[in-house]
Structures are given as structure tokens and as C-alpha cells.
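Peer 1: Take these sequences, add in the hints, and give me the full structure.
As given, the protein sequences belong to chains A and B, one line each in that order. Residue 72 in the UniProt record's numbering is what sits at position 72 of the first sequence, and the numbering runs on without skipping anything. Residue 149 in the UniProt record's numbering is what sits at position 149 of the second sequence, and the numbering runs on without skipping anything.
Derived by calculation from the structure, the hints in this document are not laboratory data. Think of the CB as a built atom: it goes at the ideal place given N, C-alpha and C, for glycine as much as any other residue. Honestly, I wouldn't trust all of these hints.
To be verified - Interface residues of chain A toward chain B, partial, derived using beta-carbon atoms under 10 Å:
| hint | residue |
| --- | --- |
| 1 | G30 |
| 2 | N60 |
| 3 | G110 |
| 4 | L115 |
| 5 | M142 |
| 6 | G145 |
| 7 | I161 |
| 8 | C162 |
| 9 | H169 |
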Amino acid sequence: MSVKTLTPPAVQLAAKADTRGPARPMPKPGMVTFRINGESKTLSIAPWTTLLDALREYANLTGTKKGCDHGQCGACTVLVNGTRINSCLTLAVMHDDHEITTIEGLANEGGLHPLQTAFINHDAFQCGYCTPGQICSAVGLMNEGQAKTEADVRELMSGNICRCGAYPHIVDAVMEAIKK
Amino acid sequence: MTYIGQPVKRVDGYDKVTGKAKYAAEFNVPGLTYGYVVSGTIAKGKITRIDSSRALAVPGVIQVFTHENRPHTAWFDINYKDLDAPPGSPFRPLHDAQIKYSGQPVALVVAETFEVARYAASLVVVEYNEEAHETSLEANLDEARDPKSGMADLLKPKPPKPRGHADKALAAAPVSVQTHHVHGPQHHNPMEMFGTTVVYDGEQKKGKPHFTIYDKTQGAPSSQLYVKQIFGFSSDQVRVISPYVGGGFGSGLRPQYQLFLAVMAAKELKRSVRVTLTRQQMFTFGHRPETVQDVALGASADGTITALKHRAVGATSQFEDYTEVVVNWSGMLYDVPDTTLEYQITPLDLYSPLDMRAPGGVTGDHAIETAMDALAYELKMDPVELRLKNYSEKDWTVGDKPYSSKELRECFRQGAERFGWENRNPEPRATKRGNVLVGWGMATGIWDANTLPARAEAVLTVNGKLRVSSATADIGTGTYTIMTQIAADTLGMPIDDVIFKLGDTDMPLAPFQGGSFTAATIGSAVKQVCTDLGKKLFKLAQKSKGSPFYDADYDEVRFADGHMRLKKDPSVTMPLIDMVALNGGRSVSETSTSIVNPLKTSNYSRHTHSAAFVEVEVDEDLGTVTVTRAVSAIAAGRILNPRTARSQIIGGMVWGISSALQEDSKMDHRYGRFMNHNLAEYHVPVNADIHDLDVIFVEEHDEIVNPLGVKGLGEIGLVAMPAAIANAVWHATGKRIYDLPITLDRVLY
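Peer 2: Now the structure itself:
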């Protein structure tokens, strides 16, 4: 097959990069204070830092995972004021004073969160990389109170991809926690 | 046995549900710098100018590496060959101005923060002299040729020579079918993106720098060897650690370019460096190749297959001859006197393909098993009956060897029973449920059951615990758990007193995790080393003053409940922790190599088998296909842990649904680039796509494969599913769709 030489849009854009002039001034770091897992934490963070990167690279809370950085996989799901969100699609500076719960904050002195226990009992993961997002998402789902049946859980947990394919076991684990 | 065969919960479960499990890009160290890769935008040509000046002017940028200022690395191809390299000349990142494929890394920006590196990467200007490229397999089938031979042939044998006269037999057959299949490329897309954290430990022995490398890999030793060869390090300069891997599926079988780039930068800058790829860049190294296949089957009226032809052409890169076993399986499944099996490759301007879960197997199986379904209908035979009629008792492709074990008949029987297959109406389009058509299909699966040599260490620690280690990986398969079970049983210890460690080049050498051989391979090594440690402990006990074992032979003792006992008189006993005291208060350790006896195994064909039964619903108005339920019956030798084993097979079945209905890396041939390079447009199943999946493990005893009788489960759950789904879609609609994936456009038109 002969190929016509066409210039894709990305290449055209890249070629234009030359004309954009000198690099823009760097965003200045500012102080952001949030409550992470019940503890107040103040970080010096530039405004272009996502909440996900703030957690992983600045707060050393690597339990929250980066799977795509585009809100397409759900691995970065955390709870902000009890609501599940993709932490890669929000900037850290937007969460001043917010209550953030990550996978590291679910267990307490009494032991694991019931969902964590259910995930172990039902073998609801293999590689474990999507697991913190799955569990945080399931906590959010339970807070929403809208999942009653297995079909509900399947539908409402579909923002969290599991490439290992542990879905049937994830449904079993979430159903067990919902019924309790 | 106390633990082997029991549904022990994953020993790494706690770490994985609490966020404590650390993956390669999660080892944070002070002074860490961040590398961001700039990807090339053309498929073939030459870089004529690369301008890093604006990136370098950004405060916080430390260096921009390109082919122009790349530090010196090894010269010869051999230095770039990793343990899974196909024959050819491996890709070298930032080597020169040549562009070999779209998405090729052309620069690495290193900065003090991730955000700065990412921004500065957007300022690197690259100009190219573009050349015409070829990325379409279907347009270049005339270029197909035989692959070069190499080490890869050991695990991926070429097809056997033709036997008989398939064409003649086909022409003479009263019933025949011919099928043509095109499979698109697929990308592994593990959830964890490829990343490497290189910790610069400073200069150590004799002023030489030392690096601790956390790499995403299915084999830490392979990564270590790779960087040693390229950068001229000795073994004591680089330690590769990989305790957790966020999915592999084959993508981690070869060291990827972020490892090279991170080590290069750390060595040059004398700083710790982390390089993580983006999801888009996850489509710039290794994929399941596009493959075109043709199958022809001829049969006599009673269903005996008299002619079999299976030909496949797979795509590869211009620089390596990547191959798969695609067609051999047809010969293994059906012992047909007149058979021709052919496999060729076509080089294109792409990156080299890379083994992806059940490489070749799932590809070839889909072709032969959909052709079998069509043949069954032509013969007016039940698809299971046709397979039973042509059931192979031996494997002619390796010289008429018997199978070490093959409980496939039992898979058919139990799978069909669980599924309710006997109620199937053989006619297509016969069943409706509301406004959707319902179809049932089935297929056979087959995969290798290899056991490779490996090493392991076992240590009875000073506090009486057992610590076993081997430099293998656990990509989610359950290695940590099953090895703990094997070790605990071999030395009769409570499982809580046993810990298994892996993924560290300071540990004894093991092959990478792949090919469904880890349970068998590392399991054998763990059993071996624990047995050897037991012998050592026995000798220690025997030599002690007034030993109750003084007159005993090793064969006369057994290990149970943390004690060594005389078999004939269990009251004669010694706790294992006492052996530490007998060793002067020091731990007792042993390192062993396990090698299966080739004289025993080489007389047999060693494989796992499966039968998949699937129900689909097809909405003809929308073209959508839903797998409403599926049963996989698996014959894979001894099942070490039914809990983790079930997860392996369920995962494989989900991959089968994905492969049949969703996954397709779409190439825009004008640009030679994969268009849908993200998880929104590269479709994989989400929770709502997966319904009732059932797994049966058929009892299968195998004395040949290895002392544990274990065959491996990584791929066999996937192999039969796409064919079974395609057959069910035909049964629902009366339409044979032989290409994959079966997307709604193919159902509609």
C-alpha cells in the first residue's frame, strides 16, 4: 500500500511550538491544607498539581493509584467529603479545607473496613493495582445508598476498570458489605 | 497435605487492600527527580533537528536527553538483547536519528518535579524527514516470509512439516469448510503504567556507583541483565526490586524503554530518577500482532476429519522476528492424517510485537475452533460430538507422543452438564428472549504445561520461622500465596510461620513470570529447596548429642506441626526451632536448583485443556452482543489453591470476552499510528459487561510434568473463550463472523 504523506494535527501543533515564544512563567507553589484521613496536612503545591499527584508525590500516600491520568480508569478514586471522585481530574488547590479519605484511611483501630475484609475473602483482586480505587469507589457507592442489587453494583462500579478481570468477585464483595 | 489444595486467602491481600503494597513508581526517596518522555510523531524517517533549548530554560529542568547528547552505551546488538528478545536487532532508545515506528521515544526531560518535566517536554521541538511507511498487514501479505530461527524456537516451536496431502484430501472430502480470519492488534494495558524508580545510592565499592532499581517487570533478573549489558555495570552495582506488579499479561516480559531512560539519566546525573510512561505511551512498545489466518477442514460423512489446513501470517517489526505458536495447536487437538500447518511473518514499520496472554494460542484457537463449529453444522453433528469423534490421543506435531495427561473428555462432559448443553437446539436463530436473539456456543482450548529450571533459597530463621525466596514475580497470579502453601507443607510448618519473598535480584535466579509456567517452575524449586533444607535439618538433629534420630535414615522422618518426627514412632520428635540451637543459634539455610527430568518429560506432550460453553444475547437492532453466562471446564493438573485458581480462570474468561467483543488497537495507516491509545477508546470490559461466569476444575493427575503435578493456569482460561463466543453469536444470528473483535458494525452488516 502506498502512503500519502499527510501531516497529522499533533505534528502541525508540534511544529507551531517554535512560534509560541519563550516558556511561560512557572506557576508559584502555594500552601494547601486538607484533612487527609483525619489528619490535617499542609503542603506547598503549585496550582498545576493534580490531587492524585499531590497525594502520591507530595504527601507520600501511594495507595491511590495512577492508571491513566485522564479519568478513564478509576484507579485514582478517593473520597472527598464522602463523595467518590477521580483524583486525577481535579487540582489539589481546589480542595483546601476538604476532608479527603484514601485507601490508607479506611482501616481503624477496630481493624479493616468491612469492604477491605470482603475484598480479601472474595479474592476480589489479582494484581491489586485497581483495588484501592475499587474499594474507595465502593465506599462512595455505599454512601450514595443507591445500589440494592447485583445489577446496580455492576452498573455503578463500572467507572473502575479491573484489567485482571476480577469483576464477579468485586460484585460479591460489595454485595456482602452492602447487606451487612 | 495441610495447605496445598486448600482455598488459602491471598497472603498479600492485606497489603493490597490497605494501599501498603508498593509498585515500581511508588518508592519515594529524598531528592528524587522526574523524567518525562517525548514521543516521536512519525512512523518512519529521520530526525533532522531537535531543539531542547526552550525546555532547558524552564526553571527546575535538569537535563534533556536526546540522541545527540545521549551518554555512551554498549555498541553491539547482543548487549541490548534481553532474555525474551526475538531474533533480530533490538530497539535502542535515543540511539540515533532514525525513526522506526510512531511513538518512538525521542527525548527524555528530567526535572525536579513531575509537573515541570511534563510541561518542559511539551517545549521540545523535533523536526523530521518523513519517509513512506508500511503498517498494514493485509496490504502486505505478499511480503510474508518464514521467520528466522533462534532461541525463541525452544519455547515457541515452528510448525511441523506437512504430512500427507491436505489439498488432495480436502478435494476428496464430501464435507468441507474454509474460513478466513483477521484479528486486529491488541495492547496489554495493565492497570499500572510502566514505570521505573532508579535510586542513586552513591559511589560504593571501589568508587563505583550503585543503583537500586524499582522496575515494573515480570522478571527482575531480566531487567538487571539488560542494564548491566548496556551500561557496563557489574552485578554488585545494580539491584532490581519488583515486589508488586500492577498487571503484566506479557507486557513485562521484556525490559521497556523507561528502564533504559531512567538508568541512563540516573547514571549521568548521579541523581535518583523516576520515569513513568503515560497511558498513551503504553501503546508505544509491544502488542499482540495483527494476524491473518486461513483454515480448511474436510471430513467424511461420519464426522471423521480427513483434511486439515491452517495457515497464519502475523505482523512483526522491521528489526525483530517476533513469532507466536498459532497453527500448531490445530494439529495437537486433531490428529488428522493429511495436515498442513504454516506460519509466516510480515515485517512492518511498527514496534516488535510482544507476547500477550495466551500469545498465538488464543489467536489460532479462535480460527480452528470456529471452523470446527461450521463443520459440525455442515455435518449436522453436535459440536461436542464432532470434537469427541476427532479426539487426539497423541500429539503428532512433536512426533506422536502421548499426552502426559489429558482430561479433556471430562471437561466436555462436566462443562456441558453444568451449562445445560443437551437442551441446545442445533438450528441458528431458533431462540428469542424478548427482542434479543439467544445463542449457545462452545470451543476447546489448549495451552502449554512447561516447567523450567529455577533456584530458590529456604532459611529456618533464628526465631524458628521459614523464609523462602526466589527472584520470580507475582503479577497478580497468586505466586506469593501458593509458594507459601508449598513451603509450609513441605516442611510441615504452620502457614503463619512461613514467608515467601520474590522480585529481587539478590534472591536466587528464576525465569521471568510467563507462559503459565511459574506455579510449576517456582513451585518445584520451592519444594526442592524445602526438601533439601529438611535433609540438612535432619543431619543437624542426627549429629546432636544423644539424638533420638541417631539410628534413623532421612526417609524415616517426616515434618509436621513444626516438628520433625519418626514415622514409625511419632513420639520421637524435635521442634524445628531446636535445630537453630543445634546450629549454634544461627539460622539454617539452603539454596537449591530444580530441574525436571528431561528423560521423563520429553517423551510426552504436556498441555492443559479446557472446554468453554457460552450463552450470548444479540440485539440485532443495535448490533450489541452480551455474554450472559459462560462455563469453563479446566483440566490443568493439580490445583494448588482453588480460590486464587478460580480468579485466574475468571480473569482469563473476562479476557476472552474482551478479545472476542471489544479489544482492537485501531491503526490509522496514513500516519502509521494507533489512534485509540487510551482507556476510553481502547475498549476493555467494565463491571457491567461481565455477567455469570462459572469455573470447573476437572480432576487430573499428572505424574510426568513435575513432582507437584501442576500445569499452570495463566492462559488456559482465555484460550477457548473467543471461539466459543463467536460460535454462540452464529447460533444466535445465523451469521458467521470470523474476524475479531465482533463489534456492532460487524453484527449489523
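Peer 1: Is the interface hint satisfied for N60 (chain A)? The criterion is a beta-carbon contact with chain B at less than 10 Å.
Peer 2: holds (5 Å)
Peer 1: Interface hint check: M142 (chain A), Cβ to nearest Cβ on chain B, cutoff 10 Å. Holds or violated?
Peer 2: Constraint on M142 (chain A) not satisfied, violated at 15 Å.
Peer 1: Given a cut of 10 Å on the nearest C-beta pair, is the interface hint for I161 (chain A) held or broken against chain B?
Peer 2: holds (6 Å)
Peer 1: Please check whether G30 (chain A) passes as an interface residue: C-beta within 10 Å of a C-beta belonging to chain B.
Peer 2: violated (13 Å)
Peer 1: Min Cβ distance, G110 (chain A) to chain B: is it shorter than 10 Å?
Peer 2: This interface hint is violated because 14 Å lies over the 10 Å limit.
Peer 1: Does G145 (chain A) pass the interface check with chain B, least Cβ-Cβ distance below 10 Å?
Peer 2: violated (19 Å)
Peer 1: Would the hint on H169 (chain A) stand, with a C-beta cut-off of 10 Å toward chain B?
Peer 2: Where the cut-off is 10 Å and the nearest Cβ of chain B is about 7 Å from H169 (chain A), the hint holds.
Peer 1: Does the nearest C-beta of chain B fall within a distance shorter than 10 Å of the C-beta of L115 (chain A)?
Peer 2: Holds: closest Cβ of chain B sits about 8 Å from L115 (chain A), inside 10 Å.
Peer 1: Quick one, is the C162 (chain A) hint okay against chain B at 10 Å, beta carbons?
Peer 2: Constraint on C162 (chain A) satisfied, holds at 7 Å.
Violated hints, listed in ascending order, are 1, 3, 5 and 6; each of the other numbered hints is respected by the structure.
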